[in-house]
Every structure is written in structure tokens, then in C-alpha cells.
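> Listed below, chain by chain, are the residues.
There are 2 protein chains.
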Amino acid sequence: MTELLSTNPRTGASVPTGITPSTPDDVNAAAERAATAFNELRRWSRSERAALLRAMAEELESRTDAIVETADGETALGSPRLNGELTRTGFQLRLFAETLDEGSYLEASIDHAGDTAMGPRPDLRRMLLPLGPVAVFGASNFPLAFSVPGGDTASALAAGCPVVVKAHESHPLTSRLCGEALSAAATRVGAPDGTVQLVYGREAGAQLVQHPAIAAVGFTGSLNGGKALLALINQREDPIPFYGELSGLNPVVVTDAAARERAEEIGQGLAGSYTLGSGQFCTKPGLAFVPATPDGDRLVDALSGATTERPAHLMLNEGIRAMFDRGSEAMAGVDSVSELARGEAATGDAIAAQAVALSVPADQVDESLTAECFGPLIVVARYRDEKELLAALDRLEPSLTATAHLEENEAEERAGVLDALQRLSGRLVFNGFPTGVAVSWAQHHGGPWPSTNAVHTSVGPTAIRRFLRPYTWQNAPAAALPSELRDGASEVPRRVDGNLVLPDRG
Amino acid sequence: MTELLSTNPRTGASVPTGITPSTPDDVNAAAERAATAFNELRRWSRSERAALLRAMAEELESRTDAIVETADGETALGSPRLNGELTRTGFQLRLFAETLDEGSYLEASIDHAGDTAMGPRPDLRRMLLPLGPVAVFGASNFPLAFSVPGGDTASALAAGCPVVVKAHESHPLTSRLCGEALSAAATRVGAPDGTVQLVYGREAGAQLVQHPAIAAVGFTGSLNGGKALLALINQREDPIPFYGELSGLNPVVVTDAAARERAEEIGQGLAGSYTLGSGQFCTKPGLAFVPATPDGDRLVDALSGATTERPAHLMLNEGIRAMFDRGSEAMAGVDSVSELARGEAATGDAIAAQAVALSVPADQVDESLTAECFGPLIVVARYRDEKELLAALDRLEPSLTATAHLEENEAEERAGVLDALQRLSGRLVFNGFPTGVAVSWAQHHGGPWPSTNAVHTSVGPTAIRRFLRPYTWQNAPAAALPSELRDGASEVPRRVDGNLVLPDRG
Numbered sequence: 089m090t091e092l093l094s095t096n097p098r099t100g101a102s103v104p105t106g107i108t109p110s111t112p113d114d115v116n117a118a119a120e121r122a123a124t125a126f127n128e129l130r131r132w133s134r135s136e137r138a139a140l141l142r143a144m145a146e147e148l149e150s151r152t153d154a155i156v157e158t159a160d161g162e163t164a165l166g167s168p169r170l171n172g173e174l175t176r177t178g179f180q181l182r183l184f185a186e187t188l189d190e191g192s193y194l195e196a197s198i199d200h201a202g203d204t205a206m207g208p209r210p211d212l213r214r215m216l217l218p219l220g221p222v223a224v225f226g227a228s229n230f231p232l233a234f235s236v237p238g239g240d241t242a243s244a245l246a247a248g249c250p251v252v253v254k255a256h257e258s259h260p261l262t263s264r265l266c267g268e269a270l271s272a273a274a275t276r277v278g279a280p281d282g283t284v285q286l287v288y289g290r291e292a293g294a295q296l297v298q299h300p301a302i303a304a305v306g307f308t309g310s311l312n313g314g315k316a317l318l319a320l321i322n323q324r325e326d327p328i329p330f331y332g333e334l335s336g337l338n339p340v341v342v343t344d345a346a347a348r349e350r351a352e353e354i355g356q357g358l359a360g361s362y363t364l365g366s367g368q369f370c371t372k373p374g375l376a377f378v379p380a381t382p383d384g385d386r387l388v389d390a391l392s393g394a395t396t397e398r399p400a401h402l403m404l405n406e407g408i409r410a411m412f413d414r415g416s417e418a419m420a421g422v423d424s425v426s427e428l429a430r431g432e433a434a435t436g437d438a439i440a441a442q443a444v445a446l447s448v449p450a451d452q453v454d455e456s457l458t459a460e461c462f463g464p465l466i467v468v469a470r471y472r473d474e475k476e477l478l479a480a481l482d483r484l485e486p487s488l489t490a491t492a493h494l495e496e497n498e499a500e501e502r503a504g505v506l507d508a509l510q511r512l513s514g515r516l517v518f519n520g521f522p523t524g525v526a527v528s529w530a531q532h533h534g535g536p537w538p539s540t541n542a543v544h545t546s547v548g549p550t551a552i553r554r555f556l557r558p559y560t561w562q563n564a565p566a567a568a569l570p571s572e573l574r575d576g577a578s579e580v581p582r583r584v585d586g587n588l589v590l591p592d593r594g
Numbered sequence: 089m090t091e092l093l094s095t096n097p098r099t100g101a102s103v104p105t106g107i108t109p110s111t112p113d114d115v116n117a118a119a120e121r122a123a124t125a126f127n128e129l130r131r132w133s134r135s136e137r138a139a140l141l142r143a144m145a146e147e148l149e150s151r152t153d154a155i156v157e158t159a160d161g162e163t164a165l166g167s168p169r170l171n172g173e174l175t176r177t178g179f180q181l182r183l184f185a186e187t188l189d190e191g192s193y194l195e196a197s198i199d200h201a202g203d204t205a206m207g208p209r210p211d212l213r214r215m216l217l218p219l220g221p222v223a224v225f226g227a228s229n230f231p232l233a234f235s236v237p238g239g240d241t242a243s244a245l246a247a248g249c250p251v252v253v254k255a256h257e258s259h260p261l262t263s264r265l266c267g268e269a270l271s272a273a274a275t276r277v278g279a280p281d282g283t284v285q286l287v288y289g290r291e292a293g294a295q296l297v298q299h300p301a302i303a304a305v306g307f308t309g310s311l312n313g314g315k316a317l318l319a320l321i322n323q324r325e326d327p328i329p330f331y332g333e334l335s336g337l338n339p340v341v342v343t344d345a346a347a348r349e350r351a352e353e354i355g356q357g358l359a360g361s362y363t364l365g366s367g368q369f370c371t372k373p374g375l376a377f378v379p380a381t382p383d384g385d386r387l388v389d390a391l392s393g394a395t396t397e398r399p400a401h402l403m404l405n406e407g408i409r410a411m412f413d414r415g416s417e418a419m420a421g422v423d424s425v426s427e428l429a430r431g432e433a434a435t436g437d438a439i440a441a442q443a444v445a446l447s448v449p450a451d452q453v454d455e456s457l458t459a460e461c462f463g464p465l466i467v468v469a470r471y472r473d474e475k476e477l478l479a480a481l482d483r484l485e486p487s488l489t490a491t492a493h494l495e496e497n498e499a500e501e502r503a504g505v506l507d508a509l510q511r512l513s514g515r516l517v518f519n520g521f522p523t524g525v526a527v528s529w530a531q532h533h534g535g536p537w538p539s540t541n542a543v544h545t546s547v548g549p550t551a552i553r554r555f556l557r558p559y560t561w562q563n564a565p566a567a568a569l570p571s572e573l574r575d576g577a578s579e580v581p582r583r584v585d586g587n588l589v590l591p592d593r594g
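Sequences listed follow chains A and B, in order. Residue numbers in the first sequence follow the working numbering, run continuously in steps of one, and reach 594 at the last position. Residue numbers in the second sequence follow the working numbering, run continuously in steps of one, and reach 594 at the last position.
A couple of the hints might just be wrong.
Remember, identical chains collapse to one label, so a pair may be satisfied in a single copy or spanning two.
Cut-off 25 Å, straight-line C-alpha distance, at most; resulting in silico cross-link-like pairs (SDA-like, lysine to any residue) [as the list claims (entries may be wrong)]:
1) Lys475 x Glu128
2) Lys475 x Arg121
3) Lys475 x Pro486
4) Lys475 x Asn127
5) Lys475 x Ser424
6) Lys475 x Thr124
7) Lys315 x Glu325
8) Lys315 x Pro327
9) Lys475 x Arg130
10) Lys315 x Asp326
Keep in mind that the hints were calculated from the coordinates and are not lab data. The structure displayed is predicted, hence computed values, not measured ones.
Generate coordinates for the entire structure from the input sequences, incorporating the hints supplied.
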């Protein structure tokens, strides 16, 4: 078996890693260990699982220097960004621990026995239970926060589900290092063997999602990758949930009034947002609707100027670079498209790409321009009036986000545009930029197909819900109930006989 | 186009209905009307939607006599059961209206802007929004509560989604009558045209789930029917959620101690439960584990005696009767199986089936006996010790429910058995019978595949969650926010900066 290589985007040089792709036997063994671990982990209390998550944050942080250095060597994302990503990863694990402590994620409900319009009702008690072992597919573009120790792993573990991560080929050494940190934490708190495991290689991933022991799949990656996994899952005897975070064009609309007031600020902000992380964000704004007015021209000039100053962008790997080059060339070659600006061209052996800003009349926006082009590219669509804008929005597929730049008190007047953007997205950003996805309770990271295929988020505490199933006990003796469903004072919010009741924290 | 027939199970006679299967144009038009209706319905306030649900309950109840008479003619379920089902249907619609009034189903969250460990966080506000038009497949066995005006329809409408119901061929006249009641209610409260519609015929159903305007599917029916629809949905460009409630063996375990104390009561109860509604319940207990002891013998005698007294059971339609006869004959013919008792044989032209109780040693329970046999059949598996019981449970596929009969203080000692039953089900019934699914907050009607394919219930207020998607507004002006997410006093429970806050009802 050929060992995996680790490639440095700055030099294009690859080194052997000593890691070989997982064999079918490896994958079987990992899935079966996860199933065994589940039998123990699902009995753990919320506080035990919270301790596991906190220990994971600590073990990751105690390896900060090594992780950041290794990740930087494999992704060229730079220390500040990777340090920030590690901070985010630890924050996320601790927030999920707090979510366990707080306990409302359980949706605990008690309906005492009683008479109803339909006759006597038994005593019913419901809460959410973990689904089973979860397969997680790490993303290339967030080697920490959406990879081995990322949101899918944290939310599955919070739910009580062991995790088998399919490491991304683009950062095998970072994956291994993070896996070691998570395993060390699991060992430290006495979690069962098989609580967190890694497998390597595409074939291992394909085998993993079809393994009978796997109960759900979390995936962050390309639309095509997601579709391929979904097709494999659809072949299973038992259809399991697939939570794919797949693609995004992330349209931005700038109104006349906003362009008038903030042309330069918005133009420069857009340039910063579409090139952030070399444009390798699922929330990258790929299409901006700007009025075909002199104010719009000023905005475009600012965007173009900032684009011209962009150095060549280091890309995560050769595959993404090649795909970006193909995609950006195709878009630049569309008849109705004109080039606004380019950044510095890539030179030498580095795996790098040139930032590109293109322009097109809004009435010419069609499918040749609306597929995601992952990397530092933005298309500016110039619209003459709201009718043209709405018609163009109507031709788009949904994204993770949509963004509106408008002025104070303009929201009501622009209700039609905001409504179209809402239909197209899972998060609507006002007067900002879609890159940057805060981990918090009110976050939603997900949108209608093809951005995701779920009615759940992949960021924030509510992501835990993806890996849980409801369960009801009918007329159960107290000894057979989870502690959260027993009568008496409760540590968690519960719905009792229909009424939501908060714990007495006094 | 041949018109649909309405068949009376009591006589086997069919009459023409005047209803023809929906044409492809009919289905297209219905889906498009639903899409148009959605654009209006999704803007309705919670109280407007609650009024719609209450009006539907009233319109159904004002037609009680006609609905019950028509449904009885098409299902032979009898007036008491059908009156009860109509009561349940009205109760369900009103409970969902109360759920809208209470508002916590929105999962409203506000995270105010602030500094975090990861830098400044924008203002984020999240709540759930309706998905879009929902296709509902009515079930044959609950012509009201799980059909046109049933739980799927009620929960989709509560969510704000228009519904296109594919009427079940087994009760077309009942479907039409209920559809008229729902439409009358929609008209009365000013709901848009296309809020609730019906289509008829299997081909119409197949076309419906592939229509681009349909955003989710609710289905109650057979495993094979569900698999066929899922295969069609998997062919869509956009995978939409399919919520299928499909099958159930619903195993029952009786402990030694329970058999000792309550042999006759349990035996008679089991007989009542497996023959209720002619055994045509998704929660029918199809397999009961009874100790191979003299106490177990007494239980089996009681079950057999009650079975012998059963008159021939009228069945919903000829297809179900034929399938039951084939299934029960196949099980009775298994080598290790012996017959315990049979009820009266069917005679004349009625569509009827004979109740059957079979017995098998627990160590002989295999796939020839563990598939659902829809109708009045129960298999009693006699086990010699817990080891044999656990091994047999390990060979079962999951069901909607599992049931344990045990004595006081026996729960801890039987933890292994209860644990196995939990893995196999979505609801665990203690010292009762699984038939009867109360509509309440703490209910869960759903289980691991193949009983359902969802991590959500299809009964009770939390069923609404199936037809919602999260949405987040970032730095939105108040005018662009739903009223539930604006600052100030709230009528609904919300999570504010991480803390769950109840409305001030004072």
C-alpha cells in the first residue's frame, strides 16, 4: 500500500508521512470498535461527556505549537489563522460541554398519566438519545475547526456517539496529530477504546459510510463529493442520515442607497471577503449584485483596486488549484463577462492562484456563472433596476448565506429582495460579509439544497440534534428512566404536562 | 381514465366513486398551486395558522356523521372506533394550534453582538421557518387520524407548509369528504387557494414526490411502499426529506415474575392488542416472548382462549387480506412453529381474516417470523432463560415500540433486557400494550429503520419540526426580523445570549 504524502503548498514539495490508507480490515475494525464503544458511551452521564469534551480542548491546546506548525506546512493558511482556528475548536468543544451541562438539548418532556378528550392517557416521558457511531468527513479548508476535531466530531461526541473520522488527504499529518490529542483526552477521562478513531483514504471513506455499524454521516466538502457519498448511502439496506455541507455561491446584494453611502467600504470589504483564506470558504461571496450606477461604479473600482493588490493566493492543494483555474477560466471566457481586475499571478512551484474579479450584466447571469468556484473569484453582476435584480435572483440555486447591503429604514422598501434572499439561503447577513461563522446558539450554518441537505445546522450547539433520536418511556418505573426524566427537582429544562419549566437554579 | 371504486369490506361490493385518478397535469397544477400558496402561507402569523387548524377541526366535526358513515362503509372499522378517530383528529389539530400559540417550537434564539474568545461576534437571531409544500401519503388503517386530515397534514400546516395529500385508494370517498372539510376551513379563514389539496392514484403519488415544488414527504404505510417512494426521491436532483412510518414487529417480553403474577391478565391483554383494529396497527404486537414455564403456559392458555373466541376480522381491503393470508400461512408452515389457536374462519363475501396465534421456541426465532405480518397474528416465542431471550432479541430488526411486562423493582435486574428493547424501538411500554398512541408532547412515534427512517416523530407536537428549517439573521434591522426575534418582551420562549427565557405570562 502506498503511503500518503504530505504536500507543502508553499513549495509544492511532498514528503512521505508513514501513513498508509486504511485497509478494508482496518475500516471494519474501526467501525466495530466504535459500535462497542457506543454501548458504553451512551450510558455516560452528561457531565462525563462534558468532561470528555473539555479534556479534548485541553489536549489540543497543549499541542498548539505542533498542530499549528504542522497544519501550516500542509495548508499554508498561516499561523494567525490556524491559531484562531484552534481557539475556535477549543471554544466549540467547551460550548458543547456547557450545552450538555445545561441540558435543554435533551428536549426532556413528561406527560403524567391523566384523562384526555380521547380517554385515559398513560404516563409518557420523552427525551433524545444518541443515534450510534458517526462517520465524519474532515474538510480540507478548515484543517481544525471542520476536520478531525471539528464541529461534526464535537457535536457527535456531545450527543454520545463515537466518531470515526475519515481524514482529509490534504492534511494527513495534522489529522493524525489532532487524532492523537483527542485519543489522549479520551484515555485520560476513561472513555472507551474506539470513542474517536481515524481512517485514511478515499476508499476507506466509501467503505465507512456503507458499514452497518455507522448510524449517521457528517460531511463538509464539495457538492460532487457529497453526492457520491449520498449515492453510496442510498445503496444501504437502512437509509442513515447524511448531513452534508456542500456548496455555496453566497450572493450579495448592494442597494442603490448603500452604494451611494458606502461604495468604497463595501467594495473593499467584498475584496477582503472573497479572498479571505484564498477564497476557500464555503461562505465566500461568489456573486455580488451591484447597481449599474455611478455609485456602483465607485464600488466596483474599490473592489478592483483591492483585487489588483492581492498577492498570488496559496491554495490548499493541487486539486483545488486546478479546479479553480479551470472554473475561473471558464467564467472569464463567457461572452457576456468582462474582467475587472486580477491579482498577482502565481509564480514558481508554489500551489497558488490568481485572484479574479469579473463583471457581467445582471440579465446575463446564468448557470455558467452560478456554480460555486472555490477560490479567490468574484463575479459582480450589474443590475439596472429591482425587477432585473429579482429576475436574476430567481435563477440562482440556494446557498449557505445571502447578504444585503442597504441603508437604515430601507428594509421595508426592499422586502421583496430580502424575501428572495431568504428563500436562497440559511443565513441572511445585513451590511457585512458572509465569511466568518460565529459558533453560538443562534447560528445557523446550512441552507436549502445544494448548499446542504439537512434541516439542521452544522455549526453551534443545535448541531448536536443531528445525532440524536427521540425516545419515549411509557408507564416506566423510576429505576428504568434516565435521571433527567424522573419526578422531582430537575437539573434540566423540561416540558411537564405541556408547560416548559426551567430548573430551579436558586 | 377509469374511475376509482369504493369497496365495502363487509360485503366485498364495490361502487363507482366518480373520482378519477389525477392526471399528470392535475398533479402539476396541484404542486404549483401549493407553491403559490406557500408564498402567502409562510407569511402568516402563528395565530393565523392556529385559527386555520381550529377551523379545520370544527369543519371536520360538523361533518361527523357523514364522515363516520362513509369511513365505516369503506373500512369496516365501526362507528365507535371512527368516532374516536375523529375526536383524536380534532384534538390533534387543536393541540397543534396550542403549540403555535405557545411558540417554543420556533426554537427562537438571540445572541446579541459582543466579544468572545474568538473576537467580536455579530448579532445573530435564529428561528425555524417552514420548508415548503409537503406531500402527504394517507394510510389505509387510520382513514382519519393518519390520512387526509391526519398528523402529517396537521403538522405540515402548523409549520406553515401547504399540503398535497395523495389519498389512499382504500377510502377515496372518505378522503374526498375530509378534503372538502379542510378546504372549507381554509376558505373560511381566508387561507390561500392551494393550502390543502388532494390527488388520487398511485401514479399521481409517484409523480408528486418527484415534483420540484415539493419540499418534503410524509408517509405512513408499508415498508415496500416507503422504499419505492424513497427510491423515487433519491432520483431527484435535490434530495428532500422523506419521513416514512413503515413497519413494526413490536416485540413484547414477559418476565418470569410477571407471568407468575399476571398470566391471565397479560394473555388476555395480548389477545386484545394483537386483534385490535383487526391487527391492522403499525404498533400491533407481532411477537411476544413468554417464559417456557407453567406460568408461561397459563399466559399462553389465556391468549389462546381469547383468540379462539375472536370472530372473523374484517380487513381494510382485499390487498391487505391477501397479503395477511399469505404471510400467516407462511409463518404457520415454518417447521419449528406450532399453532396455538385460531379465531373464527372468514365466510361469505366479506373481506375478512382469521385471527391466528402461533408458538415457537425462542431459539428458533429467525427472519421467517420477524417480518411484519399486518393483521390479526401473533407469534409467541417461548424462552428458557434470559440468555436465550437476549440472543433472540439480538436477531430482531427495530420496531416502533417494544413492551416489557415485569414486576415492581424488577427493572434493575432486567436492565439487560430493557436495554435490548430500547435499542430495538422508539417507545418502551411497561406493563401495557403498544397499540394506542396518545397524541401528547412526550409521545414519540418512530423508531430506527425499518420502522421509520427519521430522527423525528410523526405523532405529537414535536412532529412539526420535520417541516421546518433553521434560519439565522445577522445584524438585521428590527424591520427585517420576524416579530418573535425582535428585542423587548416576548410572547414565546427564547434563548437569549445562551439562556432559556420564558415569556412573562403575568
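> Could you run down the list of hints and mark each one as holding or not?
Here is what the structure says about each hint:
For the identical chains of this complex, Lys475 and Glu128 are inter-copy neighbours only, at 20 Å across copies versus 59 Å inside a copy, given an alpha-carbon limit of 25 Å. Only between protomers do Lys475 and Arg121 lie at most 25 Å apart by alpha-carbon distance; the minimum there is 23 Å, versus 58 Å within a single protomer. In this assembly of identical chains, Lys475 and Pro486 lie within 25 Å of each other by CA distance solely inside one copy; the values are 19 Å within and 53 Å between copies. Within a single copy, Lys475 and Asn127 get their C-alpha atoms only as close as 58 Å, which misses the 25 Å cut-off; across copies the closest is 18 Å, which meets it.
With identical chains, the CA atoms of Lys475 and Ser424 are at most 25 Å apart within one copy only, with a shortest distance of 20 Å there and 74 Å across copies. For the identical chains of this complex, Lys475 and Thr124 are inter-copy neighbours only, at 19 Å across copies versus 59 Å inside a copy, given an alpha-carbon limit of 25 Å. Proximity of Lys315 and Glu325 under a CA criterion of 25 Å is satisfied in both settings, with 18 Å inside one chain copy and 10 Å between copies. Both within a single protomer and between protomers do Lys315 and Pro327 lie at most 25 Å apart by alpha-carbon distance, with minima of 15 Å and 10 Å respectively.
Proximity of Lys475 to Arg130 under the C-alpha cut-off of 25 Å is restricted to the inter-copy arrangement: shortest distance 22 Å between copies versus 54 Å within a copy. In the homo-oligomer, the alpha carbons of Lys315 and Asp326 lie at most 25 Å apart both inside one protomer (18 Å) and across protomers (10 Å), since each shortest distance falls under that limit.
Consistency note: the structure conflicts with none of the earlier hints.
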